[in-house]
Amino acid sequence: MLISKQKPLEEIMEYIEGEKKVFLVGCKGCAEGWESGGEREILEMKKKLEEKGKIVTGHVVVDMLCDKALSAIKLKNFKKKIDEADSLIVFTDGAGVQVVAELVKKMVHPGCNTISSGGAHAEWKGAERCMECGNCVLEYTGGLCPIARCSKHILNGPCGGSQYGKCEVDETIPCVWHLIYERLKEIGRLDKMEMFVAPKDWSLSLIAGPPVKRF
Amino acid sequence: MKTKSNLERVLNAGYFAVTAEVGPPQSADPEVIRKKAKLLSGYVDGFNVTDGQTAVVRMASWAACLIGKEFGLDPIVQMTCRDRNRIALQMDILGIAALGINNVLCLTGDHPKFGNHPHAKGVYDIDSVQLIKIVKDMRDEKKFQNGEPIPYEPRLFIGAAENPFADPFEFRVLRLKKKIEAGADFIQTQIIYNVPKFKEWMKRVCDLGLHEKVKIIAGVSPLKSVGAAKYMKTKIPGMDVPDEIITRLQGVPKDQVPKEGIRICVDIINELKEVKGVAGVHIMAIEWEETVPEIVEAANLYPRPKF
Ligand code: SF4
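First to last, the sequence lines map onto chains S and P.
Number 272 in the numbering used here belongs to position 175 of the first sequence; there are no gaps in the numbering.
Number 138 in the numbering used here belongs to position 137 of the second sequence; there are no gaps in the numbering.
By construction, these hints were calculated from the structure, which means they are not laboratory data.
Do not rely on the hints blindly, as some may be mistaken.
To be verified - Simulated restraints, written as ranges between beta carbons of each label pair:
#1 P:Pro26 with S:Ile270: 53 to 63 Å
#2 S:Asn232 with P:Glu149: 20 to 30 Å
#3 S:Ile270 with P:Thr235: 11 to 21 Å
#4 P:Lys114 with S:Asn232: 22 to 32 Å
#5 S:Gly231 with P:Asp268: 26 to 36 Å
#6 P:Ala89 with S:Ala198: 30 to 40 Å
#7 S:Met161 with P:Glu201: 52 to 62 Å
#8 P:Glu142 with S:Asn232: 36 to 46 Å
#9 S:Gly231 with P:Arg156: 34 to 44 Å
#10 S:Ile212 with P:Asn117: 19 to 29 Å
#11 P:His118 with S:Glu181: 36 to 46 Å
Stated by the list, open to error - Examples of chain P residues lying across from chain S (beta carbon under 10 Å, computed):
#12 Asp111
#13 Tyr125
#14 Asp126
#15 Lys134
#16 Gln146
#17 Glu163
#18 Ala167
#19 Asp168
#20 Glu171
#21 Arg173
#22 Lys178
#23 Gln191
#24 Asp241
#25 Asp256
To be verified - Under the rule of at most 27 Å between Cα atoms (straight-line distance), these lysine-lysine pairs were calculated in the DSS-like manner:
#26 S:Lys102 with P:Lys122
#27 P:Lys236 with S:Lys263
#28 S:Lys289 with P:Lys214
#29 P:Lys204 with S:Lys282
#30 P:Lys122 with S:Lys104
#31 P:Lys5 with S:Lys297
#32 P:Lys178 with S:Lys263
#33 S:Lys282 with P:Lys200
#34 S:Lys263 with P:Lys200
#35 P:Lys114 with S:Lys102
#36 P:Lys231 with S:Lys263
#37 P:Lys198 with P:Lys274
#38 S:Lys178 with S:Lys102
#39 S:Lys263 with P:Lys122
#40 P:Lys236 with S:Lys289
Where a beta carbon is used, it is the ideal one built from N, C-alpha and C, also for glycine.
Produce the complete structure using the sequences and hints provided.
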């Protein structure tokens, strides 16, 4: 699940400045779920763009835009309308935008920002998160992740700003190091927290390393 | 003696040490630092320059420290992990040692969100405890973080911060222990207004014998106004300003408040002198550095030892 949010209309208008005709693409997967590029949002966007004097040559909302084979067939059905347009605007996450860019030899504008899921990969609501950092530290932290949940990714926490169980950076979120302390105390393993945790190998994480080769 | 640090010498000789904090300017003007350094000259054993405190862009700590050094002061470079990864930090460690600086204070650093560039990417490659260990290994093991040897090691007196008022309270002493084991030679604490709570913390420190392994310098700061006290109480993460302090400031006529703030600071220093394990005070008169000589004299800490 990728989380996306529509960009401000002014930003989209800047992208298509000097263009007259556009074709809109949405997705019935994550984008519909996050209300950033489902059928309803695409029709609303069509109206807004027309009010601003643009011509929308057509639109399509694909079942799973990230499925390239399926998207190729779908977009082929709209070839004429796409050819007519100066460019396409895609309303979904970055993965969907890149699929369309590969399939169409035309300018493809992103209509959304892909928001960090904060490592919340499961679709169920919950605090458990994984940032896929490549070098798991949960052994030292009682099973709570400081990479995903500490604002400073501290490995020897908590920092000096932790008070009343809240993170100094945002008092609406708990200080994960406070939670780690309580958990380790509860299970009688505070020794884990008294141990020095050495600098981390960040090279295995997407934050610092080269793009992960999966295929 | 591990280093040529004046602060180390003063502490080792058993004197009650005095350090002060200097805020660098949000400009390239060296005169700001010269003025503040001149004020402090003769009144402190060492002075800190903050490193992008509250994540606001200011003159680099090491650069301002070099300017202050012109006045015969012993600089303490503050170094945070917010803006630099382990490569940059180790380069700066070599650089400041080569420039004749003898003290470094290792900090994690305030989050960019608090500053004037809230859109910046915080680095946080390592944390303060890891930075302490890196500097210690560079000095004593003559090794970089990756294990490679250093032919000419940086000889720095290593400082760290600790906040007795942060949570979880019971863990704070253990975190101090961690910093000592990582290699801290001295500690500068968060500003103390709640003396009873600080004493409770110090008792735990002494119970573990930690005061014999590290020099603890207690942080103090004069309050300029009732507003400043309230702001510190509610807005600064990790601060503990008891209501009595605010009431005491409110109890004097408005034009007397700054004087009362200084008196409170002197009273706290006098109390801290009696606390077992406290090796000195660190005066953080932020943008009010001119009060430092007055405070030092009023607390009977003048003149400072000369070697
Ligand atoms: S308060 Fe806790 S979660 Fe927030 S930065 Fe500090 S250690 Fe991390």
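Where does the structure disagree with the numbered hints, that is, which hint numbers, in rising order? When the structure is compared with the hints, numbers 1, 5, 8, 25, 31 and 40 turn out to be violated.
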